[in-house]
Each structure stands twice: as structure tokens, then as C-alpha cells.
Amino acid sequence: MTPSDLSNTSRRLRHLTSLEHLPAAQILRLLDRAEALQQQWLRDRRKLDLLHGRTVVNLFFESSTRTRTSFDLAAKRLGADVINFDIANSSTSKGESLIDTLHTLEAMYCDAFVVRHKVNGTAEFLARHVRGPACVINAGDGNNAHPTQGLLDAYTIRRHRPDFSILRVLICGDILHSRVARSDIHALRTLGVGNLRVCAPANLLPAETELPGCEIVEDFDSALDGADVIIMLRLQKERMQQAQVPSEQAYYARYGLDARRLRLARPDCLVMHPGPLNREVEIASAVADSAQSCILEQVGNGVFVRMAVLTELLGV
Amino acid sequence: MTPSDLSNTSRRLRHLTSLEHLPAAQILRLLDRAEALQQQWLRDRRKLDLLHGRTVVNLFFESSTRTRTSFDLAAKRLGADVINFDIANSSTSKGESLIDTLHTLEAMYCDAFVVRHKVNGTAEFLARHVRGPACVINAGDGNNAHPTQGLLDAYTIRRHRPDFSILRVLICGDILHSRVARSDIHALRTLGVGNLRVCAPANLLPAETELPGCEIVEDFDSALDGADVIIMLRLQKERMQQAQVPSEQAYYARYGLDARRLRLARPDCLVMHPGPLNREVEIASAVADSAQSCILEQVGNGVFVRMAVLTELLGV
Amino acid sequence: MTPSDLSNTSRRLRHLTSLEHLPAAQILRLLDRAEALQQQWLRDRRKLDLLHGRTVVNLFFESSTRTRTSFDLAAKRLGADVINFDIANSSTSKGESLIDTLHTLEAMYCDAFVVRHKVNGTAEFLARHVRGPACVINAGDGNNAHPTQGLLDAYTIRRHRPDFSILRVLICGDILHSRVARSDIHALRTLGVGNLRVCAPANLLPAETELPGCEIVEDFDSALDGADVIIMLRLQKERMQQAQVPSEQAYYARYGLDARRLRLARPDCLVMHPGPLNREVEIASAVADSAQSCILEQVGNGVFVRMAVLTELLGV
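Those sequence lines, one after another, are chains A, B and C. Using the working numbering, the first residue of the first sequence is number 1, and each one after it goes up by one. Using the working numbering, the first residue of the second sequence is number 1, and each one after it goes up by one. Using the working numbering, the first residue of the third sequence is number 1, and each one after it goes up by one.
There is no bait here: all hints are sound.
Since the list gives no way to pick out one identical chain from another, each pair is judged satisfied if it fits inside one copy or across any two copies.
As a list, the in silico EDC-like pairs of lysine to aspartate or glutamate whose alpha-carbon atoms are at most 20 Å apart:
id, residue 1, residue 2
1, Lys76, Glu35
2, Lys237, Glu96
3, Lys76, Asp49
4, Lys76, Glu312
5, Lys237, Glu280
6, Lys237, Glu62
7, Lys118, Glu62
8, Lys237, Glu248
9, Lys47, Glu35
Treat the hints as calculated values from the structure; they're not laboratory data. Because the structure is a prediction, the values reported are computed rather than measured.
Sequences and hints are given; from them, build the entire structure.
Here it is as C-alpha cells:
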């Protein structure tokens with residue numbers, strides 16, 4: 001089955017639901033677009049007119065601060081109109097199906113649907129049911145994928161370490177529940193990261209088949225050795241059963257990134273985190289707020305990456 | 001009592017709270033406006049500048065997907081700013097009256113109020129209390145009126161069947177609770193539909209005096225005979241007492257529009273529904289999604305009809 | 001400690017968290033700006049382009065009608081984009097701290113934060129934690145300050161009575177819980193109001209040290225004598241313990257402004273109220289809706305005052 005993301009007739013991306021099948025050239029093209037948009041924005045902070053007349057719909061079935069706001073700002077700074085769809089107050093409460101909602105909004109000439117849903121595959125499902133030229137962007141589905149986060153992480157790394165082939169990148173934390181980890185792995189493998197390591201408590205680690213090309217390192221201290229980039233994951237407290245983690249303190253003791261542990265990595269190692277942070281749970285404040293931290297830079301880069309995705313998908 | 005909709009000094013519409021007293025010329029003028037706006041939009045999908053500097057306030061006291069989004073898009077595509085008034089979080093929770101809220105927003109130089117409320121007459125009530133030049137648009141009040149839906153239904157029919165006088169139009173379903181049915185009847189009678197039929201279970205049918213000019217047909221199969229247009233209504237489950245409808249299955253058996261029944265109408269009969277659909281309750285999916293269905297076209301037309309109403313009321 | 005509002009290097013205001021330390025020249029400059037913006041707006045009601053490309057974030061942790069909408073309109077009419085941050089659905093529910101939320105939004109190149117919070121000092125707290133050039137505007141913190149309300153009240157008075165030195169201004173009502181009263185007192189003292197009186201039930205009156213330069217008058221009838229301006233305050237029912245006010249009727253009998261009492265003031269006395277009104281609790285409808293009432297004018301002026309604050313703080 002060809003993923004709906006890839007148009008058959010051209011190399012332009014049709015939807016963005018996952019990074020899994022995206023060729024490196026496509027990913028790099030998006031990162032280059034983001035870079036051009038960032039330079040233009042930083043020059044004069046003027047809104048662009050590229051999406052004038054277009055409508056972007058935020059369909060968030062899970063709450064979100066940064067991702068929703070990031071897409072909202074990306075769309076507005078490209079001149080688009082944004083509809084923030086309040087799910088709780090919507091007709092889904094009158095029993096309308098997700099597909100009928102999609103077709104209704106398509107019929108109103110909406111151009112892009114940014115979808116977050118707790119169920120894996122929702123964005124792909126919607127992408128297959130789009131009837132017209134509208135595109136679907138996955139803003140996070142269950143623990144499956146969060147492709148714009150994967151792209152912005154790759155973008156952030158590239159700005160500091162342009163040669164992926166010599167990098168050692170460590171992803172650490174609650175990988176089992178993390179759509180960010182999955183999209184990061186797809187992006188970084190495709191872009192040819194030299195050594196991609198994952199580290200997680202045994203019960204927060206998915207099956208090895210779900211971690212293609214990754215080196216699994218059980219002990220956090222060993223995993224940190226020589227790392228160029230560390231991506232710490234949020235402990236998804238809201239998705240975990242009580243039993244999986246004995247206590248936040250115990251978790252921090254074994255898997256929290258503090259100043260001592262950071263010294264095990266390379267001295268110029270980048271520290272990343274998709275946010276929001278659980279301070280003193282997976283990461284020490286001293287590390288999160290240190291000069292090596294790229295966490296807020298990731299947030300800023302995210303806006304440009306989403307601008308790049310919107311312009312690519314809408315063909316401008 | 002002169003309805004507040006009609007200005008005494010000019011033929012321009014002042015408010016739009018009902019279609020009941022609107023002359024045919026006025027309705028046709030709105031449909032012509034919608035047509036011109038639609039052609040312009042489809043040409044290049046550029047936003048218009050007609051309402052630049054104007055503010056449209058969505059005052060929705062009942063939840064809504066399509067109507068609120070449709071007005072939101074209509075206003076934005078005309079260049080207006082939109083305030084979506086979150087009723088639950090508003091000062092009405094501090095005990096401010098609806099009229100004080102209206103006057104407060106008027107004092108902030110808001111130009112148009114789009115009002116949905118479960119109480120019949122709310123939009124007309126607000127229209128009578130407007131102090132300045134602002135206009136009020138009824139987006140649905142109780143079971144009384146939904147004038148922009150009536151207009152968009154007339155608009156949709158006219159695009160396919162321009163001569164109303166020879167048409168047989170059937171409205172079927174929960175007419176008792178339906179503001180859509182009332183506004184459709186006002187529009188279609190005024191525009192001279194040759195034969196206007198209604199069909200509903202006895203306990204979902206209002207008094208005959210509320211159905212002026214309509215032929216009431218009890219049996220759905222008989223009602224379908226020779227119909228050019230069928231408007232199926234949503235079963236307003238949220239407004240009905242348990243007892244009125246024995247079961248959804250029983251309702252579907254007697255009043256659901258399925259493929260067999262559709263064949264009783266004319267072969268080119270249009271199928272319409274205001275949405276959201278209760279699939280397999282009042283309409284079969286096979287019918288709702290068929291080539292004869294105009295349901296999604298209605299949705300799209302609604303945006304242009306609302307653009308027409310906004311420009312007419314705001315005098316541009 | 002230098003308040004964060006005042007930049008050390010220039011006279012331009014950096015944040016607006018309180019009027020307490022603002023020199024008269026600064027306040028007058030804001031009022032003059034508001035006047036120029038009002039004149040421009042009333043000329044042609046065209047949006048301005050001054051804040052094109054800028055983003056204003058409404059961070060309301062308390063519900064609000066007029067203040068939030070007023071800031072929303074002010075920002076949009078200056079050409080800014082507005083993000084209305086839905087606190088209930090935000091990452092604060094995932095445990096993110098207020099400061100992390102601030103830094104996240106700053107990292108997305110947001111320019112101004114309009115903050116309302118029930119805790120005194122929240123806006124000042126955020127202003128001290130801003131890292132970049134963004135500014136913070138206090139839209140109400142606990143019972144501490146509501147500086148744009150203080151400015152719009154001063155603005156409204158100045159339009160009618162430009163010489164503050166000869167004015168007798170009475171503030172009456174629930175002063176204890178009122179951030180409006182505190183900001184009004186700061187503004188009006190700084191602008192040199194000749195006689196500033198306060199009147200409140202003993203248990204709704206703060207310590208005398210909190211009312212610098214004010215004459216405290218216990219009896220409402222005496223307090224009204226010769227007043228040029230009366231600012232009635234909202235009875236903050238949601239903030240009071242049951243016991244403080246025996247009943248709304250008893251309160252109205254002693255502290256409600258009705259037509260008889262209004263005659264004790266000067267015949268051309270202005271009646272003001274920050275809204276929303278508790279009609280027949282602190283003010284009679286006959287007075288609130290009379291020709292002497294400036295209540296709706298205050299609302300309208302508020303938009304221009306907030307436009308002035310936004311342009312001043314953002315340096316345009």
C-alpha cells in the first residue's frame with residue numbers, strides 16, 4: 001500500500017502523516033525551505049502573503065499548547081486564515097463522524113487540516129478520505145508519529161552539526177509511549193546519523209523491531225558516553241499505568257539527565273527535549289536551562305518547519 | 001408591529017432574524033449577491049477587502065460546527081475581523097445580561113452580531129435593542145428560524161432548478177423541532193414553489209396553522225411521489241423527549257430515506273439535508289453519498305450566502 | 001527595587017504592570033496616543049498596519065468578557081495577530097509552569113503578553129522573567145492592579161473635564177477587592193485630581209495606608225456632595241465571603257447609586273463603572289442608563305487606550 005503522503009504524479013508531498021517513507025531528499029527539501037523562511041522572517045518580521053486566501057483548520061482532539069500555537073502562528077505568518085476547531089463544542093458531540101466533519105470543512109473550501117488525536121493512524125485515515133485538493137498534517141497520533149517534531153529536531157541538529165554521518169545521537173526516556181521518538185528515529189536514520197542510540201527502562205522500551213537501526217543501551221551512563229546530541233523525552237505520566245514507574249524520584253535517579261551525567265557526553269553535546277518539561281523528573285533544571293540546551297531553540301525552529309510544511313503541501 | 005429586519009427608509013435589509021416577512025425581491029437579491037461572490041471566489045480564491053476594518057461577533061449560546069465555522073469563514077474571506085465569543089467563559093457567568101453584553105460589544109465598535117440561542121426570539125430581541133448601526137443575524141433560535149439556512153437551501157435549489165414554479169419540494173422529518181423547516185418554508189413559499197409538501201410523524205408535526213401553504217402528507221412513500229427536491233431533516237435527538245420516537249430503527253423504517261424510497265421521487269430528484277447527518281436514522285448513507293445528494297454542496301453554498309448577508313447588512 | 005515597567009535606558013515604557021510608579025508625563029503620553037488613535041479610527045474605521053507581523057498573546061487565567069475582547073480588538077485593529085490562549089486546554093494542565101509557558105511563547109517570537117490572573121503580582125512576576133524584547137501587560141491581577149482600566153478611566157474623565165486639579169472624584173463600593181480602585185487612585189493622584197474621595201462599607205475598605213491621598217468618607221450621601229465624577233465599583237460577589245455583605249438589598253439601600261443620591265452630586269456629575277454591572281445592587285438602572293452615564297463610553301475608550309499601550313510598549 002502506497003502511503004497517502006506520496007503523490008504518484010509528482011515529487012511534491014501530498015500529506016504529511018509520518019516520516020517513515022519519506023526519502024532523504026524530501027526531508028532535506030523541507031529543512032531547506034524552513035531555513036529560507038527563517039532567514040526571511042528574521043530579516044524584517046513581516047508576514048508573508050504566500051497563503052493569502054487559504055484556510056488552515058486546527059483539529060485538535062487532544063489538548064496542546066506548543067504544537068497548536070506553533071501551527072497557528074505558522075499559518076498566520078504565511079497570511080492564511082486559521083480555524084481553531086473546538087472539539088468539545090463541535091458537532092462530534094451531536095454524533096457526527098470524523099469523516100463527515102472532514103468533508104463538511106472541505107466543502108467550505110478549507111485547504112489544510114492539522115490533526116492531533118490519541119488514536120494511532122487518525123491523520124492517515126483522514127488523508128485517505130480527503131476528496132478534494134486539501135492536505136492533512138499529522139500533529140501527533142497516539143504513540144505513532146509526530147512528523148513535524150521529527151523534522152524540527154532534525155532541523156535543530158543540522159543548524160549546529162551539519163554532518164549527520166559523524167554524529168552519535170541518544171534518545172532517552174519513555175520511548176514506548178513516544179510518537180516523538182518514532183518520528184525522530186525515522187528522520188535521523190533517513191538523514192544518515194552515524195550512531196543512533198536509545199535508552200529506556202525495560203518496561204518503557206518497545207519491541208526491538210520497532211527500533212530499526214537503533215543501538216539499544218540499557219544503562220543510561222553508558223549510553224551517554226561520547227554523545228553529540230541527547231534527546232530527552234517527556235515522561236508521559238498521563239499515558240502510563242501507575243505500576244510502570246515506581247516513583248518520579250526513582251526514575252530521576254536512573255534516567256534523569258543531570259549535570260554529572262551530562263559530563264559523560266561530549267563537552268559540546270546538544271541537549272534537546274520536545275517539551276513540556278517535567279523538571280527534576282527526566283531532566284534537571286540546571287541542564288534544561290544551560291548553555292548546551294537547545295530546548296527553546298527547538299520551539300522557535302518549530303514555527304519555521306511548520307511554515308515549510310504548509311507551503312510545501314499547499315504548493316506555494 | 002414592523003419587524004426590525006426592515007428599515008423604513010430604504011430597501012436595504014437592517015437585520016436578518018427571520019425570512020417570514022422578506023419579500024421575494026429581497027431574497028432574490030441576496031441569492032444574486034451570493035452567486036456573484038461565489039464566482040469571484042472560485043476564480044482566484046483571494047480574500048476580498050469589502051469588510052476591512054469591520055468586526056463580526058459570533059455569539060453562540062448553543063454549540064455548532066458548521067454554522068459558526070461558516071460565518072467565521074464568510075467574515076474572514078470578506079476581510080473582517082471575527083470575535084468568537086466563548087459564552088461559557090464570558091461575563092454572562094458573572095450575571096451580566098444579554099443586553100448589557102450587546103451594548104458593551106457595540107460600544108467597542110463591533111459591526112455585526114451572529115446569534116444562536118435555544119430560546120425563540122433571541123435574535124429579534126437583540127435586534128430591537130441595538131443602539132447604533134450594528135446589525136444582528138439569526139444563526140438559529142430555538143425551533144423558530146434559521147434564515148441563512150433557508151437562504152442557502154433556496155440558493156442550492158435555484159442552481160439546479162431555476163424555475164421554482166414547477167417544482168415539487170418535500171420536507172420530511174422532525175418538523176416540530178426544526179427551525180430549518182420553518183425558514184425553508186418561508187423562503188420557498190415566497191419564491192413561489194409550485195407544490196410544497198411536508199411529511200412527519202404525527203407527534204413531530206406542528207399545528208397546521210404553522211405550515212401555511214404546505215400540503216401535509218402522512219405517508220412518506222406517497223409524499224415522495226414525483227418530488228423534484230427532498231429536504232430531509234435531522235432527528236433532533238437532543239430536543240426530544242424519550243417517548244416521541246419509539247426507536248431509531250422504527251423511525252428509519254417509516255421515515256428514513258433509503259435507495260428504494262428515493263426511486264419513488266423523480267429520477268433527477270435532489271436530496272438535501274442541513275446536517276449534521278444521523279446516518280441510517282433519517283437517511284441511508286447510500287443516499288446521502290449518492291450523485292443525487294447536494295448535501296456537501298449546501299455546505300459550500302452556505303459560506304457564499306453568509307458572505308452575501310454580511311455585505312448586504314453592512315451596506316457594502 | 002526598580003519596577004520592571006521602567007526601562008533604565010529610555011523613557012519608553014517596557015511593560016505595564018501597574019500605574020503606581022508611572023510619572024504623570026508617561027500617563028499623559030499614553031492618553032495622547034489614545035486620543036490620536038481614536039481620531040484616526042473614527043475618521044474611516046480602517047485597520048492600521050502598525051503592528052503588522054507582531055503577535056499578541058492573551059493569557060487569561062480568569063474569565064473575562066470586556067477586557068479580553070477589548071485587547072483582542074485593539075491588537076487586531078493595529079494589524080497584529082492574536083493568540084487567545086485557552087488556559088483550561090493548555091499545557092499548564094500537563095504541569096508546565098507559567099514561566100516555561102512564557103518562555104515557550106517567547107521562543108515562538110510572540111511580542112506581547114496580556115495577562116490576567118487571580119494571584120496578585122503575576123504580571124510583574126512574568127515581566128521579570130521575560131528574556132527577550134517581549135512586553136507584559138497586566139490585564140488584572142487579584143485585587144492589586146488593572147492599569148489599562150485606570151488609564152481608560154482617566155482618559156474618559158479627561159475628555160469631559162480636562163482640568164483634573166479642580167475635580168472632586170468619588171470612588172464608591174467594594175474597594176477592598178477592587179484592582180480597578182487601586183489603579184484609578186494611582187492614575188488620578190498622579191494626574192493631580194483636586195479631591196479624591198473613597199466610600200465603602202467598613203469591612204470592604206482596605207487599611208488607610210493603602211489609600212494614599214484619599215479622603216475616606218463613611219456616609220455615602222455625604223461623600224456624594226459636590227462630586228464631579230462618581231466611579232461606582234462592581235460588588236465582587238465571587239470574591240466575597242458570605243458574611244461581609246448582609247444582603248444585596250441592604251447594600252443597595254446604603255451604597256447603591258440611585259436617582260435621589262445622584263442629585264446630591266453636581267448636576268453635571270459623570271457616572272462611571274468598570275462593568276459588568278450588578279443592576280440594582282450597586283447602581284440603579286435609571287442612573288446607569290442616564291445621560292450622565294459614561295459607562296459605555298468607557299468601554300469604547302478602552303479599545304483606544306489599549307491600542308495606545310500596545311503601540312507604546314512595542315515601540316511603534
